[in-house]
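Residue numbers (this note's numbering), protein chains in the order written: chain A, 1 to 321; chain B, 1 to 568; chain C, 1 to 265.
Heads up, some of the hints might be wrong.
With a Cα cut of at most 30 Å, we get these calculated DSSO-like pairs of lysine-lysine [as the list claims (entries may be wrong)]:
1. A/Lys120 <-> B/Lys505
2. B/Lys546 <-> A/Lys183
3. A/Lys56 <-> C/Lys43
4. C/Lys90 <-> B/Lys546
5. C/Lys226 <-> A/Lys56
6. C/Lys90 <-> A/Lys314
7. C/Lys90 <-> A/Lys53
8. A/Lys56 <-> B/Lys45
I should point out that these hints are in silico values taken from the structure, not numbers from a laboratory.
Residue-level listing of the chains:
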Amino acid sequence: MTDLLSLSRAAYGWIIAAMVLVIAAEICVIVWLLLRRFGVLPRQNRSELKRSKPSKRLARIFADGYLGLVLACLYLPIFLIIVFSFSGGSRFTFDNGFNFDSYKALFDSEQSAGLLSALKYTAILAASASVISTILGAFSTIGIYALGRRMKKITLTVNQLPMINSEVVMAVSLMVFFAAFSKIFPQGMTRLIISHVAFCTPYVVLSILPRLQRMDPNMYEAALDLGANPFTAMIKVVFPYIMPGIVSGFAMAFTLSLDDFIITQFNKGDTGIETLSTYIYEDARVKSLEPFWFAVFSIFFVVMFTLLLVMNIKRTQKEAK
Amino acid sequence: MKKIVSALAILLLVCLVLTTLASCKTEETDSLVIYNWADYIFDDKLTDFKEYYRDITGKNIDITYVTFDTNETMLTRLTKGDSNVDVVCPSEYAIQKLIELDMLVPMHYFDEQAYTEDFSSNVRLAPDGDEVYYIHNSGNVEQGIIDKVSDAFGSIEITAEGSNQHKKVSMVDYFVPYMYGTLGILYNKYAFKELGIYDEEILNRANWGILFNDDGQGGLLSEGLTGSILMKDSIRDSYAATVFYLLESGKLDGLKNDDGVAYADMSVGDLINAVDDQLLALVKDALTEQKTHLFGYEVDFGKDDLLTGNAMVDLAWSGDAMYAVEESWNDSLGDEGDYELSYYVPHSTGNIWFDGWVVPKTRNPAHTDAIKLFINYLNRPDVAAANLLEIGYSASVKSDVIKSDEAARAVLAEGYAVYAPELWDAADEDGNPLSQEDCDFADWEEFELYFFHNSYLDEDGNLVSYDEISNSNWRYPFESAATNADNYRNIDSLGVMRDFGTKNKAVVTAWNYSRSAGVNALPLLGWTALAVAVAVGAVYLVIYIKRVVRQNVKIPQKNKPDDSGSEQ
Amino acid sequence: MKKFKFRFSRRAFAYPYMIFLLLFVVVPLVIILINAFLDDNSKFTFANFAEFFSDAGGGLTVLGNSLIIGLVTTLICLVIGYPCAYFLAKYHASNRVFVLLFILPMWVNFLIRTLSTKAIFMALDVKLGMGTVLFGMVYNYLPYMILPLHTTLVSIDHSYIEAAEDLGADKMTVFLRTILPLSMPGVVSGITMTFIPAISTFAISEILSSSKIFLFGDAINMHFSKTTNSFGVGSVMSLVMLVLVIVANVIVNLTSKDEEVKSTL
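Working from the sequences, and respecting the hints, build out all of it.
As structure tokens, then:
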């Protein structure tokens, strides 16, 4: 016992970290097995694999090994950040043992207030930009669909521009544009919302358009024949049909706006508005990564991954049904 | 009934009068829009100013505080008409530019009568029984700043079209000094010790060459310095440092400018403002050459890179450097702990800069009282002390004034934990009184030596500088010039940099060139091409071998369809 | 008559968006175009083009370096990503969650990922430079390569492969003559999705080389946000970037008639 106690704090840190890792790995395996048990993940047909030729089995093992390696490389940095967010430092060692200092720093660090306001602005911006671009996109897609061939082609080509264009060019062009008409577009949220709507709406349009193209045009006409005016027909007939497209367009606009850095960076001006991306850029880039950011990043990784995984698993389950 | 009605009417009338009176009172709120550098004021002083304003004018004030991060951002915003600010705090060259563009209102701060002339009747100018009245603080401003600025800028000609075109004015009439500082070298003392270059003679020979890994005699300062030098990602500062380096390394010897004046004969001020094509080409080459020694360019002040050992030297401003040095205190260094970083302004040449308050023509004229009271308020010794404590640069208020002002001393004593119960209550956060050992400084004298002279008294009572190498009191360069000229650097060796004017574009181009140079991706392309060629060759070889083998063995490939069938 | 009326009313829904696009997408680009021909005093000039193409400010060098780094990044992504997408399509096509794992990092803020890699490089005492920048680029853009490749590879009709095998082709030939050509649209779209961002990024190179390696995106950023009075050259650079984007997309449109690939993102 005395020997154990004489171990350094660092050693304790490593041991606890290793234990946590093992437990995390076990939880992953259990979740994986459960998912397979409930049919979310297809079970591999082992017998089929066994029956196949050895060379084929070898190829399969090679393929899985390769995929595993790439996955490991993709997740290693993320993984290390999460592990060492419990070290309370930013040197990737457990010199001070296993602790929650980084997470405590979330509340009492100099950056706490900045992070909070950045989160607030990010949420406001993403919410308003995605709602506006979804509404704009939904109505305009219906309009574009009804356009003549030539106009349709032109509009869709211009619509593609923000998607294919390099983000820097788009950001810079908007910045110069706003500076030229600064009287009409005051610095701050107005500019940010407009620029976010400008690059999100094309994605909304393109996610609704295919559904609209698949829709039977007679449905709309039938509604008109039955006495509905065009607007009612639109709301009662067309919208329900393209709803899945609208929803996925909204989700896309929301994540795009949430994730955007370059366009926000150029158009935020000097009114003190920072979104999460620009705040990270301004704060963490100029200094070495502080423990505070380890905690923030870890939370983000975990939340993002859980959300996306759960969403996709649910979708898979739905489709399986 | 009638009585009741009239009573009600009277009541109503009284109410109306009362509310009008009340609303009158609340309407007495002025406002002020301040446009300042980020983190360039102690926030509490803004709150204090509101109180001060109420005391002196009897009115409330709303302050809108907006910030910028470079002079360029600020200039763009002001010149594009994208602003409605009342007071701005640019650097000296940006003020020059704004004056040339005829965008500023002259303040005449150093002429008390002219400054106070257009105050409204609300401002209490004289002590007529009031506790607080207006005191003009222009006398507190360091005379050295005014001299330096007048020297460097002379008379500025307004070039913008308009009634004032070609009018020549003095910058002193337009701005009120706020903070100033020097440009110098921030370095890791202990890393230098390890390299064996922490030596007065070596460093004083290398001077600005430290940033270029040049020992001042054409050789490398140290092999170990290569890849450990940080450069400030700022055009003007890098330009100045490079010109100084060129001068010291003898690369300007024998060269003359277009007017036939040798660069080596120019004063420091003239040299950094002599931007011509010849000099620019040399600067461009030096910066390009420097890139092989760089760790990178930094946007903040590289404090973390210097402390973690990624880099050893950085080009820095004095305020940032002071903050970094104070943060670098390490108990395990030296006998009783030591600062790991140090700041060094080379003795031969250097750059000094000033930030000051100016008032753009686009201000709200109704805010005049607030504007002038605010600017003057900042030159009060205790306010200046609080601000310089918070942001680290040197306040424009004379150090003598700060030293002799009770309130200012109290602010500093508390901020630096000086054991001086006569100044502040010397207690910790819980109100327990601190003993002399608990405090960082035993008494005010010790602190004064440290803070204003960067030195301490050793056991024999000799004055010793904390910084044995540079001996430079970079916190108060004017003070040291006046009192201790032998020991410290000469204030004349610090030059003020003017706006590049028409040469601005050429400087930007040269800077961009040196930033883009030094990266050669061609070998990368070569290696990749080679790798692709090898890979394609290998695939073809395999195919070829297979074909040859198959032709020799001549086994018909019959079982293929079965295989793919089983996979289905 | 009735038909005309209904068409008109529906079409009107497109007009606000058309005006929006014109105002906030087309007009800004036109302003950039105009800016490229203006000097400091807003007079017409070709000086900006002259400065860029004479390499006085190192603009061409930067473009060249960026193109090479972008190319190498794309190649590495392709070399790593193609087998990935291929194996995924071959063995795990039905396993959606597994495929998702490869795309997931894309949804985590790229600054977070890049800063994490930098922190790790620093802890390992890796010298920041070309190597780290390339790693960061590949790390960031690999998912963008895998995604379109996977989409095309999964959608390849299996009967083609069977037909090839029936005709006696060995595995290598099947791959080279059937699978590879059929996956070409995915390859091209993956290349543009990696190449364009890789040459125009500015944060990755800045973070992972301490601003030492200066790419085209950094140069544009520098001209617009760190200096005044150099919008002209910056605009020329933006135009060059725009031309590159358009060229890349013309190539995509020529090689792939498949609209689905482009709408995967």
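Query raised in the report: Going back to the hint list, which numbers does this structure go against?
Result: Hint check: 1, 2, 3, 5, 8 fail, others pass.
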